[in-house]
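What follows is the residue order along each chain.
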Amino acid sequence: MAQPIIEFKHVAKQYDDTVVLKSVDLEIEAGKFYTLLGPSGSGKTTILRLIAGFLEASSGDILFEGERINDVPAEKRRVNTVFQNYALFPNMNVFENVAFGMSIKGKPKNEIKAKVAEMLELVKLGGYEDREISELSGGQQQRVAIARALANDPEVLLLDEPLSALDYKLRKDMQYELREIQKRLGITFIFVTHDQEEALAMSDWIFVTNEGEIVQNGTPVDIYDEPINHFVADFIGESNIVPGVMREDYLVSFAGKEFENVDGGMRPNEQVEVVLRPEDLDLVAEEDGKLVVTIDDQSFRGDYYEITAHDDDQNEWQVQATNPAVIGERRGLYFDPEDIHIMRLNESEEDFDARLEQYDDSEEDEEGADEQ
Amino acid sequence: MDNKPKKWSYIYLVFVFILMYAPIFYLIFYSFNKGDYMNGFDGFSLRHYQDMFADTRLMEILVNTFIVALLSSVLATLIGTFGALGIYNTKHRTTKNLLLSLNNVLMVSPDVIVGASFLIFFTMIGMSLGFGSVVLSHIAFSIPIVVLMVLPRLNEMNPALIDAARDLGASNYQVLSRVVLPYAWPGILAGFFMAITYSLDDFAVTFFVTGNGFSTLSVEIYSRARQGIDLSINALSALMFLLSLLLVIVYYFISNYSVKSSKKKRGGAAGMVVHQ
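So the sequence lines, in the order shown, correspond to chains A and B. The first sequence begins at 0 in numbering that gives the first Met the number 0 and counts up one residue at a time. The second sequence begins at 0 in numbering that gives the first Met the number 0 and counts up one residue at a time.
Calculated lysine-lysine pairs in the DSSO-like style (CA-CA distance at most 27 Å, straight line): (1) A/Lys114 - A/Lys182; (2) A/Lys114 - A/Lys104; (3) A/Lys31 - A/Lys123; (4) A/Lys31 - A/Lys21; (5) B/Lys90 - A/Lys75; (6) B/Lys90 - A/Lys21.
Simulated from the structure, these hints should not be mistaken for laboratory data.
Throw the hints in and build the complete structure from the sequences for me.
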């Protein structure tokens, strides 16, 4: 494997008695789009500011291309930041803002001019050089902030919730554009957000943070399909989480019934949590369902109906359906074995990965045996 | 119906302004008097102005006053701005409040006390009273004013601007010269002009620390007024009034210019910044 561009080794951060980051390890590879995802106060911005050099780690090592950079000041690090509230210099116009980093470095005038024009073109603001910051809309200021950071040719671009102040439509557009810019330039992006939809749409790799720790990391699909614990399942997307018991491999019991599933590697009769995503559930006729539920409520969401229902054990179920349901009606709930995801209680990320690998392997072996 | 309260507030405002400006205009009016007293206008004449300009001692004092004002306010602005930066950068909250309170105490403490303490201080260290002691004491009482003008402007600044500048490679000095000082400039300017006006009209402190042979206008006018009213003082007051009016206008245009220049003229200035 190539050497990671940024590496955290047991990095912790605390203010007096308040611990904001507990021993974080992470590796960032060059050229990918990473997202730090978590609720406010989970430590994601702290991680970003540690990389940028605005904060000093209380303990642990931060490595950049294999070299320890804990003591390198922010202005000497080859990373640049796009700030949450843009932080454009109000006493300078667009050109001066974008040129700031280069003029500090004393680059020749014509080189700066060409680079500024190129960067503004990249963020689709060509010809805006002479505009004042106060004349720009929020979205345009955002673009200037991105151009200003990229004009410094950083190895890593850090983005601190840059889209949170934009309206929904603009945010969506910027998501695509950021992704496109990242692919075009081929540099590493580290994006901080509390918006799980944004994280899933943009990232190659997601770190989910909570209470000063990285609770899970993986591709968007992995994290959505195989959440490690209650927090991740609940935070990423909508989830139905019900208590259950793992009878044996590939057989789980919940809501008073036993169901075939695809998870294994647990002790027999182990207490677990069962996750079913609302979009994986189908409402069918009462006799065709694996569970029987009573419809409580529904709300129209444009592209689907969100229906809440409860089963006979009083577990709540959320279902996303394209067709409306009748409130108070009894319906069947249908799902496939692979829609069921099992979470062990208090499982560490390492154990979780090891277990997934183990039974993935055994499945492959079985398939191999079938073929022979 | 709606107009009524508005009309009353208008009348009130006009009344207050008349009350405040009437003595000044009364003084100016009689500076053009032909006679020697303010108890009857005998006709228009500029002879008091002639007297005033012929009085070399008075003219010398006028020049002195302005030298003291300019010198002390420039230095006080310099020191006060860095003081404000110091307070702004103080992380510890109690220390910050303590520094700010110490600054404010200097603002509110009576001039007589400040003047007397300076007198004691200067005599104790054996410094001769005169131009030096006046300038020093003016600098001292102007610093808190500058701090009070600059600090709110700094507090208004988005602290992420400093992070952003450092992120883009600026050293501490460059952060200060390129981002913080330009941002605080209107506050610094206001502090400078406030310091000038405070220095120009200070009487109490100056009265204590002027020695023999050196005097500023306010002290001189006071000592002359004690000997009997001379209408050349009226002429001087008229002149001072015009000068302060000019000062206000200059301040107005400078502060307006700095707002406008950041709106329009920056296109041309862009090359300048890059050039540095």
